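Which chain is which? The protein sequence lines are A and D, in order.
Position in the first sequence (first residue = 1) + 3 = this note's numbering.
Position in the second sequence (first residue = 1) + 3 = this note's numbering.
Just so you know, these hints were derived from the structure itself, not from any lab.
Remember, predicted model here, so these are calculated numbers, not experimental data.
Don't take every hint at face value.
Unchecked claim - Within a straight-line C-alpha distance of at most 20 Å, the following computed EDC-like cross-link-like pairs (lysine to aspartate or glutamate) qualify: (1) LYS256/D x GLU133/A; (2) LYS276/A x ASP207/A; (3) LYS381/A x GLU49/A; (4) LYS338/D x GLU351/D; (5) LYS256/D x ASP297/A; (6) LYS256/D x GLU49/D; (7) LYS88/D x ASP297/D; (8) LYS256/A x GLU351/D; (9) LYS276/A x GLU77/A; (10) LYS256/D x ASP126/A; (11) LYS244/D x ASP342/D; (12) LYS276/D x ASP207/D; (13) LYS244/A x GLU121/A; (14) LYS244/A x GLU382/D; (15) LYS381/D x ASP91/D; (16) LYS88/D x ASP365/D; (17) LYS244/D x ASP359/A; (18) LYS256/A x GLU133/D; (19) LYS88/D x ASP370/D; (20) LYS381/D x ASP126/D; (21) LYS338/A x ASP365/A; (22) LYS381/A x ASP370/A; (23) LYS276/D x ASP261/D; (24) LYS256/A x ASP126/D.
Said to hold, decoys possible - Between beta-carbon pairs, the in silico distance windows are: (25) SER29/A x GLN73/D: 26 to 32 Å; (26) GLY246/D x ARG312/A: 50 to 56 Å; (27) LEU253/D x ARG215/A: 32 to 38 Å; (28) GLN73/D x ARG215/A: 46 to 52 Å; (29) GLU49/A x GLN260/D: 26 to 32 Å; (30) GLU351/D x SER305/A: 34 to 40 Å; (31) GLU351/D x SER374/A: 27 to 33 Å; (32) GLU351/A x ASP275/D: 39 to 45 Å; (33) GLU351/A x ARG312/D: 41 to 47 Å; (34) ASP144/D x TYR280/A: 54 to 60 Å; (35) PRO172/D x MET369/A: 53 to 59 Å.
Beta carbons are placed, not taken as given, at the ideal position from N, Cα and C, and that holds for glycine.
Single-letter residue listing:
Protein chains: 2
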Amino acid sequence: MPGFLFMSFIATPQSMHFEEALPLQSGASIRDYVLAYETYGTLNAERSNAVLVCHALNASHHVAGVYEGQPRSEGWWDNMIGPGKPVDTNRFFVIGVNNLGSCFGSTGPMHTHPDTGEVYGADFPVVTVEDWVNAQARLLDRLGITQLAAVLGGSLGGMQALGWTLQYPDRMRHAVVVASAPNLTAENIAFNEVARRAIVTDPDFHGGHFYRHGVIPQRGLRIARMIGHITYLSDDVMNEKFGRQLREGLTPKYSTQDIEFQIESYLRYQGDKFSEYFDANTYLLITRALDYFDPALQYGGSLTQALARATAKFLLISFTTDWRFSPQRSREIVKALLDNRRRVSYAEIDAPHGHDAFLLDDPRYMDTMRSYFDSIAKEVHA
Amino acid sequence: MPGFLFMSFIATPQSMHFEEALPLQSGASIRDYVLAYETYGTLNAERSNAVLVCHALNASHHVAGVYEGQPRSEGWWDNMIGPGKPVDTNRFFVIGVNNLGSCFGSTGPMHTHPDTGEVYGADFPVVTVEDWVNAQARLLDRLGITQLAAVLGGSLGGMQALGWTLQYPDRMRHAVVVASAPNLTAENIAFNEVARRAIVTDPDFHGGHFYRHGVIPQRGLRIARMIGHITYLSDDVMNEKFGRQLREGLTPKYSTQDIEFQIESYLRYQGDKFSEYFDANTYLLITRALDYFDPALQYGGSLTQALARATAKFLLISFTTDWRFSPQRSREIVKALLDNRRRVSYAEIDAPHGHDAFLLDDPRYMDTMRSYFDSIAKEVHA
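Assemble the whole structure, with the sequences as input and the hints as a guide.
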């Protein structure tokens, strides 16, 4: 009965409060914070079947399933995770956690600073991938999970999975790193910086304390999202989806400010939607976490030396048309792991969709994930 | 005496007034306008050695030489054009012309509308590559030049050279189209659109009539320029020039708003500089001209059919790391010309610098241009 097996299940958001201060990489710390999370499936008696899913820029702990009474509220990786899906929640206990600094439930810039009683805003401390990993480890402590079967993530989520292998090598068996990179290139940082400047220079940003002014820097958020969207898609898929199609009729209207081309309409729509729900300070924090991630930095740039601590078994996946985190970047990780004689599987999927491919239903991608997680399930008796 | 031969010469800007209305592709027209231009070298007795140079987004009629008393005011293609240079002004009479709608001398949005007595601002008519070509042809009429030895341009300038071959096939012998494309891809349009939105949504834009308010939409211009700069460079050259270098020290300061990485410093500097001299309405007009250019449109998308009218001999040049106007786009033009049995030379230069390469001193590029223009010189007895 595949129709039944693949139906969306009901997900229930939970949250955990942490009183004790979490020391951050910057030297600052954060206390009295909350992490929002969801779990799917059942932790087995051996506590060996837990899989942690780390999210990327615009996502949350709501990884799979739908919320009660909201049939269109599928989690962001609902095609990948659930009963009978590649990461099968009939076998695994899957944990989605929202990162610190987010605007989707965990403590972030929109919340109140316990020291001042004021909304954090721009005073929310800078958080890094390493900080998120530490916060996730604390959550697992509370959930009574000593060792994860796997940590799984795409893009920025993949960086967290990689971070886990370095910070908590004994607490995990497998790292699944999809469409990710060992650090950002100058071009990646450049795109992040333009997006941040668009937000920070929006007069409604007020130095990050816009909440007090009852405004939102929507102009900046729109621009940031439009830039992001361009980098998520491949040139080819943009040409295929939109090409040079005009929005109306066959001849242009000759206007510099009105929409002429379909691609403009699409980008404006994406920007508008995003600016209505995403927090500007969160955008700055998350893009900075991306910029800073660079495990090789303290090893003079040697990724091989940096990954010597990693003892997990790895699956890396990249997509040929992903120019944001190109296959070349995944291959750097593969090489550094092989230099350390680690067990690595690597799949380079020939997909047209650019970086976005990691969220889409490519059968080769899905099959690769399914068979890898099948083998993990056997290993951990899930 | 190469030292003498290669010294910069003095350039003198000129301008020509046109009273008669120029009909535009949009259906509008423009009258009482001025074109700024410069000429270098001497028109020979046969009037056969004239070369028209068309400019791209951020350039002007000041193509080569320096202005009197301003030793650092080299024209934007001074490495290519001048006495003894690849396009040798000892042999050719070179004409640089500033396009309508620009902010560097020709009539543009900052000037007064003759009908209203008000500054044009957003009311400046939308101009296209085809309109620019028509305006350039009128200037040549006035200069008494019936047939050009060549029309030469890079990027958007290359589109004008291509436009010339279709609109005035009898008035030119050669088209030299560098780092260009037969039209923009969806991704190209997308980048233009984000830049335009950054400008148009800057509160200081005032619908394009900011001059009346005594302000300039500098925030938007900065963002637009930063986006542009990312697309001009290759990922490789960015990594080589900036990589992940921090601006100060070896460890980050952990800030979302301050500059951390060298690439950020570079981009902000470029954005700041640009916002001080470039007109926002001009930016909109020029990016729209790029978007609209598509000679194949009226031939159901067939570039081969569109280029059937072109009788010029062609040199096309592209650069391997140019992802804005990739070699693939130049090859499309080459193919369409060969389909029409036209004479085409094509050079794909293996250069690391991305789109910017067309302005730089790659010896293979310079040699290709030099030998092509040498052969033109012989052909026209220059």
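Hint check:
no.: 1; hint: LYS256/D x GLU133/A; in the structure: holds (16 Å)
no.: 2; hint: LYS276/A x ASP207/A; in the structure: holds (18 Å)
no.: 3; hint: LYS381/A x GLU49/A; in the structure: holds (13 Å)
no.: 4; hint: LYS338/D x GLU351/D; in the structure: holds (14 Å)
no.: 5; hint: LYS256/D x ASP297/A; in the structure: holds (15 Å)
no.: 6; hint: LYS256/D x GLU49/D; in the structure: violated (67 Å)
no.: 7; hint: LYS88/D x ASP297/D; in the structure: violated (32 Å)
no.: 8; hint: LYS256/A x GLU351/D; in the structure: violated (36 Å)
no.: 9; hint: LYS276/A x GLU77/A; in the structure: holds (17 Å)
no.: 10; hint: LYS256/D x ASP126/A; in the structure: holds (14 Å)
no.: 11; hint: LYS244/D x ASP342/D; in the structure: violated (41 Å)
no.: 12; hint: LYS276/D x ASP207/D; in the structure: holds (18 Å)
no.: 13; hint: LYS244/A x GLU121/A; in the structure: violated (46 Å)
no.: 14; hint: LYS244/A x GLU382/D; in the structure: violated (47 Å)
no.: 15; hint: LYS381/D x ASP91/D; in the structure: holds (12 Å)
no.: 16; hint: LYS88/D x ASP365/D; in the structure: holds (13 Å)
no.: 17; hint: LYS244/D x ASP359/A; in the structure: violated (28 Å)
no.: 18; hint: LYS256/A x GLU133/D; in the structure: holds (16 Å)
no.: 19; hint: LYS88/D x ASP370/D; in the structure: holds (10 Å)
no.: 20; hint: LYS381/D x ASP126/D; in the structure: violated (46 Å)
no.: 21; hint: LYS338/A x ASP365/A; in the structure: violated (25 Å)
no.: 22; hint: LYS381/A x ASP370/A; in the structure: holds (17 Å)
no.: 23; hint: LYS276/D x ASP261/D; in the structure: holds (19 Å)
no.: 24; hint: LYS256/A x ASP126/D; in the structure: holds (14 Å)
no.: 25; hint: SER29/A x GLN73/D: 26 to 32 Å; in the structure: violated (47 Å)
no.: 26; hint: GLY246/D x ARG312/A: 50 to 56 Å; in the structure: violated (24 Å)
no.: 27; hint: LEU253/D x ARG215/A: 32 to 38 Å; in the structure: holds (36 Å)
no.: 28; hint: GLN73/D x ARG215/A: 46 to 52 Å; in the structure: holds (49 Å)
no.: 29; hint: GLU49/A x GLN260/D: 26 to 32 Å; in the structure: violated (47 Å)
no.: 30; hint: GLU351/D x SER305/A: 34 to 40 Å; in the structure: holds (36 Å)
no.: 31; hint: GLU351/D x SER374/A: 27 to 33 Å; in the structure: violated (42 Å)
no.: 32; hint: GLU351/A x ASP275/D: 39 to 45 Å; in the structure: holds (41 Å)
no.: 33; hint: GLU351/A x ARG312/D: 41 to 47 Å; in the structure: holds (45 Å)
no.: 34; hint: ASP144/D x TYR280/A: 54 to 60 Å; in the structure: holds (58 Å)
no.: 35; hint: PRO172/D x MET369/A: 53 to 59 Å; in the structure: holds (54 Å)
Violated hints, listed in ascending order, are 6, 7, 8, 11, 13, 14, 17, 20, 21, 25, 26, 29 and 31; each of the other numbered hints is respected by the structure.
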